[in-house]
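Protein chains: 2
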Amino acid sequence: MTVSRTLAGGRNVRPDVQERVMEAVKELGYYRNENARSLRPGQPSGLVGVAITNLANPYYGNFALGVEEVAAEHGRRILLGNTGEDDARERQLVSDFIGRQVDGLILVPTSGDAEHLRPERLGDVPLVLASRRVPGLDVDTVLLDDVGGAYRGTLSLLDAGHTRIGFLGNRSSVFTGERRCRGYERAMLERGVPIDPRIVFRDQQDVAAATRAAKAMFDAADPPTAVFSANNRNTIGAIREIGRRIRDGEPLHPAVVSFDDFELSELMPVPVTVIDHDARLLGREAATLLFSRLDGTAEDGPRTVELPVSIEFP
Amino acid sequence: MTVSRTLAGGRNVRPDVQERVMEAVKELGYYRNENARSLRPGQPSGLVGVAITNLANPYYGNFALGVEEVAAEHGRRILLGNTGEDDARERQLVSDFIGRQVDGLILVPTSGDAEHLRPERLGDVPLVLASRRVPGLDVDTVLLDDVGGAYRGTLSLLDAGHTRIGFLGNRSSVFTGERRCRGYERAMLERGVPIDPRIVFRDQQDVAAATRAAKAMFDAADPPTAVFSANNRNTIGAIREIGRRIRDGEPLHPAVVSFDDFELSELMPVPVTVIDHDARLLGREAATLLFSRLDGTAEDGPRTVELPVSIEFP
Numbered sequence: 001m002t003v004s005r006t007l008a009g010g011r012n013v014r015p016d017v018q019e020r021v022m023e024a025v026k027e028l029g030y031y032r033n034e035n036a037r038s039l040r041p042g043q044p045s046g047l048v049g050v051a052i053t054n055l056a057n058p059y060y061g062n063f064a065l066g067v068e069e070v071a072a073e074h075g076r077r078i079l080l081g082n083t084g085e086d087d088a089r090e091r092q093l094v095s096d097f098i099g100r101q102v103d104g105l106i107l108v109p110t111s112g113d114a115e116h117l118r119p120e121r122l123g124d125v126p127l128v129l130a131s132r133r134v135p136g137l138d139v140d141t142v143l144l145d146d147v148g149g150a151y152r153g154t155l156s157l158l159d160a161g162h163t164r165i166g167f168l169g170n171r172s173s174v175f176t177g178e179r180r181c182r183g184y185e186r187a188m189l190e191r192g193v194p195i196d197p198r199i200v201f202r203d204q205q206d207v208a209a210a211t212r213a214a215k216a217m218f219d220a221a222d223p224p225t226a227v228f229s230a231n232n233r234n235t236i237g238a239i240r241e242i243g244r245r246i247r248d249g250e251p252l253h254p255a256v257v258s259f260d261d262f263e264l265s266e267l268m269p270v271p272v273t274v275i276d277h278d279a280r281l282l283g284r285e286a287a288t289l290l291f292s293r294l295d296g297t298a299e300d301g302p303r304t305v306e307l308p309v310s311i312e313f314p
Numbered sequence: 001m002t003v004s005r006t007l008a009g010g011r012n013v014r015p016d017v018q019e020r021v022m023e024a025v026k027e028l029g030y031y032r033n034e035n036a037r038s039l040r041p042g043q044p045s046g047l048v049g050v051a052i053t054n055l056a057n058p059y060y061g062n063f064a065l066g067v068e069e070v071a072a073e074h075g076r077r078i079l080l081g082n083t084g085e086d087d088a089r090e091r092q093l094v095s096d097f098i099g100r101q102v103d104g105l106i107l108v109p110t111s112g113d114a115e116h117l118r119p120e121r122l123g124d125v126p127l128v129l130a131s132r133r134v135p136g137l138d139v140d141t142v143l144l145d146d147v148g149g150a151y152r153g154t155l156s157l158l159d160a161g162h163t164r165i166g167f168l169g170n171r172s173s174v175f176t177g178e179r180r181c182r183g184y185e186r187a188m189l190e191r192g193v194p195i196d197p198r199i200v201f202r203d204q205q206d207v208a209a210a211t212r213a214a215k216a217m218f219d220a221a222d223p224p225t226a227v228f229s230a231n232n233r234n235t236i237g238a239i240r241e242i243g244r245r246i247r248d249g250e251p252l253h254p255a256v257v258s259f260d261d262f263e264l265s266e267l268m269p270v271p272v273t274v275i276d277h278d279a280r281l282l283g284r285e286a287a288t289l290l291f292s293r294l295d296g297t298a299e300d301g302p303r304t305v306e307l308p309v310s311i312e313f314p
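Here the protein sequences line up with chains A and B, keeping their order. According to full-length UniProt numbering, the first sequence holds residues 1 to 314 in order. According to full-length UniProt numbering, the second sequence holds residues 1 to 314 in order.
Chain A extracted, bound-state conformation (with noise of 0.2 angstroms):
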């Protein structure tokens, strides 16, 4: 008990008894039992569970950072798991972390249904959604402002006088998906500019899909004069599909923008417009949202943050 006391920070243990525990405690490595402790009634098991899509996209690496270093200001830890965006591994992640009784859940969901993120199915454990919402589920929420970023973006390419501009997204039942094509068809829309369907491309997961689909889209009879890209997937396999036929001395120059940044973006052979945002700040405001609902400081209501993007021009 001495021990414990000591470890937790002091109280009521004389300053000379807590000096030898603490040589005692370095000198034979004791550890708290943090499991034993989650098991006492009321008692925080001090975990969070953090399930995104695709921890080989370098934004979520930085995402996941963002969610250790508050949860570790908080005295927490995060159980990583990876979805894939596969439904069903997502309910198996959230059914393991319920069962190994996390204090929170932060979740970048898949597309699929919502039944297994229900309250009652989660034990009334607080699940904060980062950069998609889930239809039906209305629950604390961050995203970004893609809607504001994609219609800013394209706007930018039809007042350079393009009037031929492709896209390229992924699933249009992924929630940024559709947010992002929203914003690319509002500011063609705004400017009497049709859509050609043939120059759209809206299913592309990574980077291999994302460069066939550029070739299709070089390969049509009359390409686009500028790409809007929607991600960091998809900017990396046009750039390798334009930068490929241009060193094969094709006359191309097309001009990209693209939602989500990536690294050396200013040396690409084609002008590059970045519409940039901080995942790390993302996933710092998850967990805050989290962490302000677990220490009761938050208001009642579900509560929403829209994270601001910014344009760089190259």
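For the record, the hints were derived by calculation from the structure and aren't laboratory data. Positions of the beta carbon are idealized from the N, C-alpha and C atoms, including for glycine. Heads up, some of the hints might be wrong.
Said to hold, decoys possible - Here are the computed distance ranges between Cβ atoms for each label pair:
1. B:Pro271 <-> A:Glu250: 16 to 24 angstroms
2. B:Gly75 <-> A:Glu115: 18 to 26 angstroms
3. B:Asp219 <-> A:Pro197: 51 to 59 angstroms
4. B:Glu266 <-> A:Glu299: 46 to 54 angstroms
5. B:Ala160 <-> A:Arg212: 33 to 41 angstroms
6. B:Arg171 <-> A:Asp113: 48 to 56 angstroms
7. B:Pro251 <-> A:Phe313: 24 to 32 angstroms
8. A:Asp138 <-> B:Glu73: 31 to 39 angstroms
9. A:Glu266 <-> B:Leu307: 31 to 39 angstroms
10. A:Ala160 <-> B:Arg198: 29 to 37 angstroms
11. A:Gln92 <-> B:Asp138: 46 to 54 angstroms
12. B:Ser310 <-> A:Glu250: 25 to 33 angstroms
13. B:Gly249 <-> A:Arg171: 42 to 50 angstroms
As the list claims (entries may be wrong) - Just so you have them, the derived chain A footprint on chain B, three or more residues with Cβ under 8 angstroms:
14. 51 to 57
15. 72 to 79
16. 231 to 245
17. 262 to 270
The hints should help you fit chain B onto chain A, whose structure is shown.
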């Protein structure tokens, strides 16, 4: 008990009972208390503690993904922590992981002392090191062929006729930094080409520092015609600086050899040779070593796996 048995696979439970249990579970949202299980003597917690040095580096996102995949195949979850190359944070993370009764630890170690990693301090929880060794700690380890890769990469520059070859790397106290520098030095020595300390920069831990080092390197009186970069972060910094100078009209066209791949390396303004390896595989191998230790199929002594690297010319 019947519920537990059913959820654990249904042994000794009649099929019709299993079905009724599963229906009730679906309706009520029953979860096994994984922490309670972990307190029974001899029962593993089902958690693996993973501490890496820099989650913002896409290389480590892929590493964590590889560990997570193999852990999931073994029904385990990962507790993930970021040390930021800070010894104190590593000590705290490891202590916390042990307190949470992890079944095993996988660590990309910082370069500090190893006292907190001794078996007796870990309560004999198995530890696997990845990427780097810790002096004086003889445990299961997965490494890359750092020396061989750096040697062959540097040789390729010497073979191309370069004799002023700059070096960019991270702290010499970092194990991979030391090994990759040794490979560079070995190639230079073997060919009798002197190493000029004025174009050797060994202390860059992030892109900003690497950019500054590259600037100093090319501002030198007799700048190099080629650069060997010992990791991803240094390569990005070097190419950022080289690209900026080329855009500003400087007559500069150094060859670059990069230990670690990066996206769009084929589109850079200077030719980049990549010493490539698979971060995800490194993570998978580390987890495989750990689980063979946990299930008792590993041989007795500590094992070292050295993964090969491949050289990709531009």
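Results of checking the hints against the structure:
{"no.": "1", "hint": "B:Pro271 <-> A:Glu250: 16 to 24 angstroms", "result": "holds (21 angstroms)"}
{"no.": "2", "hint": "B:Gly75 <-> A:Glu115: 18 to 26 angstroms", "result": "holds (23 angstroms)"}
{"no.": "3", "hint": "B:Asp219 <-> A:Pro197: 51 to 59 angstroms", "result": "holds (53 angstroms)"}
{"no.": "4", "hint": "B:Glu266 <-> A:Glu299: 46 to 54 angstroms", "result": "holds (51 angstroms)"}
{"no.": "5", "hint": "B:Ala160 <-> A:Arg212: 33 to 41 angstroms", "result": "holds (34 angstroms)"}
{"no.": "6", "hint": "B:Arg171 <-> A:Asp113: 48 to 56 angstroms", "result": "holds (49 angstroms)"}
{"no.": "7", "hint": "B:Pro251 <-> A:Phe313: 24 to 32 angstroms", "result": "holds (28 angstroms)"}
{"no.": "8", "hint": "A:Asp138 <-> B:Glu73: 31 to 39 angstroms", "result": "holds (35 angstroms)"}
{"no.": "9", "hint": "A:Glu266 <-> B:Leu307: 31 to 39 angstroms", "result": "holds (33 angstroms)"}
{"no.": "10", "hint": "A:Ala160 <-> B:Arg198: 29 to 37 angstroms", "result": "violated (45 angstroms)"}
{"no.": "11", "hint": "A:Gln92 <-> B:Asp138: 46 to 54 angstroms", "result": "violated (37 angstroms)"}
{"no.": "12", "hint": "B:Ser310 <-> A:Glu250: 25 to 33 angstroms", "result": "holds (30 angstroms)"}
{"no.": "13", "hint": "B:Gly249 <-> A:Arg171: 42 to 50 angstroms", "result": "holds (44 angstroms)"}
{"no.": "14", "hint": "51 to 57", "result": "holds (count 3)"}
{"no.": "15", "hint": "72 to 79", "result": "holds (count 4)"}
{"no.": "16", "hint": "231 to 245", "result": "holds (count 4)"}
{"no.": "17", "hint": "262 to 270", "result": "holds (count 7)"}
Consistency with the previously given hints fails for numbers 10, 11, ordered from lowest to highest.
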